[in-house]
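> Sequence:
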Amino acid sequence: MENIVNRFMQNGIHYLDRATLIFILFRMHLEHDDKVNLDNSLSIMEAIYNERRTYTHNSLFGDFDKMLKNLSSEFKKVKKEIIDIKLPWVKDNKRACCWLWLYIARESEGKNNNLMEDYITLNLPDFCTNHDERYNAIIDFFCISYCLHKDTMKIIDDVKKEWMNIQFPTLSLTWLSEENKSQTDWAANYLSTKDKRFNALRMLVGPDENYLSVCAYFDTWERKNIGSPSDKKLLLSETNRAWNQKKSRLQRENMKSLNVVINEDTKKYLKIMANDKNENINKYIESLITAAWANYIHKPR
1 MENIVNRFMQ NGIHYLDRAT LIFILFRMHL EHDDKVNLDN SLSIMEAIYN
51 ERRTYTHNSL FGDFDKMLKN LSSEFKKVKK EIIDIKLPWV KDNKRACCWL
101 WLYIARESEG KNNNLMEDYI TLNLPDFCTN HDERYNAIID FFCISYCLHK
151 DTMKIIDDVK KEWMNIQFPT LSLTWLSEEN KSQTDWAANY LSTKDKRFNA
201 LRMLVGPDEN YLSVCAYFDT WERKNIGSPS DKKLLLSETN RAWNQKKSRL
251 QRENMKSLNV VINEDTKKYL KIMANDKNEN INKYIESLIT AAWANYIHKP
301 R
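Residue numbers (our numbering): 1 to 301.
Derived from the structure by calculation, the hints contain no laboratory data. Since the model is a prediction, treat every value here as computed from it, not as a measurement. Treat each hint with caution, since some may be false.
[To be verified] Here are the computed lysine-lysine pairs in the BS3-like style, where the Cα-Cα straight-line distance is at most 30 Å:
hint, residue 1, residue 2
1, Lys66, Lys79
2, Lys299, Lys91
3, Lys94, Lys79
4, Lys76, Lys91
5, Lys299, Lys277
6, Lys150, Lys194
7, Lys77, Lys66
8, Lys150, Lys76
9, Lys194, Lys233
10, Lys79, Lys35
11, Lys94, Lys76
12, Lys268, Lys256
13, Lys150, Lys91
14, Lys277, Lys247
15, Lys256, Lys233
16, Lys94, Lys154
17, Lys161, Lys86
18, Lys79, Lys69
19, Lys246, Lys268
20, Lys181, Lys194
21, Lys232, Lys94
22, Lys247, Lys161
23, Lys247, Lys94
24, Lys160, Lys86
25, Lys161, Lys76
26, Lys94, Lys246
27, Lys79, Lys150
28, Lys77, Lys154
29, Lys86, Lys224
30, Lys194, Lys246
31, Lys232, Lys181
32, Lys79, Lys161
33, Lys35, Lys150
34, Lys94, Lys80
35, Lys196, Lys94
36, Lys224, Lys161
37, Lys154, Lys86
Given only the sequences and the hints, what does the whole structure look like? Please build it.
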């Protein structure tokens, strides 16, 4: 087996390049039965190598080494087109990437030549818990799918259109900040009390990815038939309102009342200065006291 691995590596194909190997296997139109473990690169290498004597399409690929180089180059060309032209919209967009991974890995049954069935057959990751894992799984999947479906590039275009149609009606999630962990944790826990299906989704996306779990729940709403568009809009509104109420309660917990009596003219001056700063009187008084305190503690004794 070591000689076989060396043969592939001499032609620029490492045994870890499982997607490349599966691409070559399918591109050669080899029958892959139970004897070929698509999850094991060495098993794929052995299946391809064993066909070098009996392969009937030598006129297409030439000798074995030339075939490996040609098909490896073809894979790289397909991969570059998919990354640079077809899927740049998911590379740096964690939310879009999560949605697309869920689409092909879990939710495309009966659609687009049953991508989910192909995904499972290829033994691609069942669970991806970070953006890089999801992105790499998507790229590998569509590169290999290029051998399975002639219309793969069109499928990607159609999926992108679906994402664009989903994205814009859900922009009301802009209040949710990925950087605000306490907020995303609260939102995830809130939705888990509303719909038990959210917890299953949360496990798929990853226990530490609450922001993406919340986004994915609403982004996949229509395909999962969770409810009507109006139900979705209502829950979005309820979630936002519930967070605003919680935020207001937290803010009030840190507030103390201050009852003072001041001269009428002084109050007028205070209001003018607060308006000039675009602040209400309470906030302006706080800023005055904070500034005075800073001066006080730095005052020479």
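> Next step is simple, just say for each hint if it's right about the structure.
Hints, verified against the model:
no.	hint	in the structure
1	Lys66 / Lys79	holds (20 Å)
2	Lys299 / Lys91	violated (53 Å)
3	Lys94 / Lys79	holds (20 Å)
4	Lys76 / Lys91	holds (17 Å)
5	Lys299 / Lys277	holds (26 Å)
6	Lys150 / Lys194	violated (42 Å)
7	Lys77 / Lys66	holds (16 Å)
8	Lys150 / Lys76	holds (17 Å)
9	Lys194 / Lys233	holds (14 Å)
10	Lys79 / Lys35	holds (28 Å)
11	Lys94 / Lys76	holds (24 Å)
12	Lys268 / Lys256	holds (23 Å)
13	Lys150 / Lys91	holds (24 Å)
14	Lys277 / Lys247	holds (24 Å)
15	Lys256 / Lys233	violated (37 Å)
16	Lys94 / Lys154	holds (23 Å)
17	Lys161 / Lys86	holds (12 Å)
18	Lys79 / Lys69	holds (15 Å)
19	Lys246 / Lys268	violated (34 Å)
20	Lys181 / Lys194	holds (20 Å)
21	Lys232 / Lys94	holds (22 Å)
22	Lys247 / Lys161	violated (36 Å)
23	Lys247 / Lys94	holds (26 Å)
24	Lys160 / Lys86	holds (9 Å)
25	Lys161 / Lys76	holds (26 Å)
26	Lys94 / Lys246	holds (27 Å)
27	Lys79 / Lys150	holds (15 Å)
28	Lys77 / Lys154	holds (17 Å)
29	Lys86 / Lys224	holds (25 Å)
30	Lys194 / Lys246	holds (17 Å)
31	Lys232 / Lys181	holds (24 Å)
32	Lys79 / Lys161	holds (21 Å)
33	Lys35 / Lys150	holds (27 Å)
34	Lys94 / Lys80	holds (20 Å)
35	Lys196 / Lys94	holds (24 Å)
36	Lys224 / Lys161	holds (18 Å)
37	Lys154 / Lys86	holds (9 Å)
In terms of the numbered hints stated before, the structure departs from hints 2, 6, 15, 19 and 22, listed from lowest to highest.
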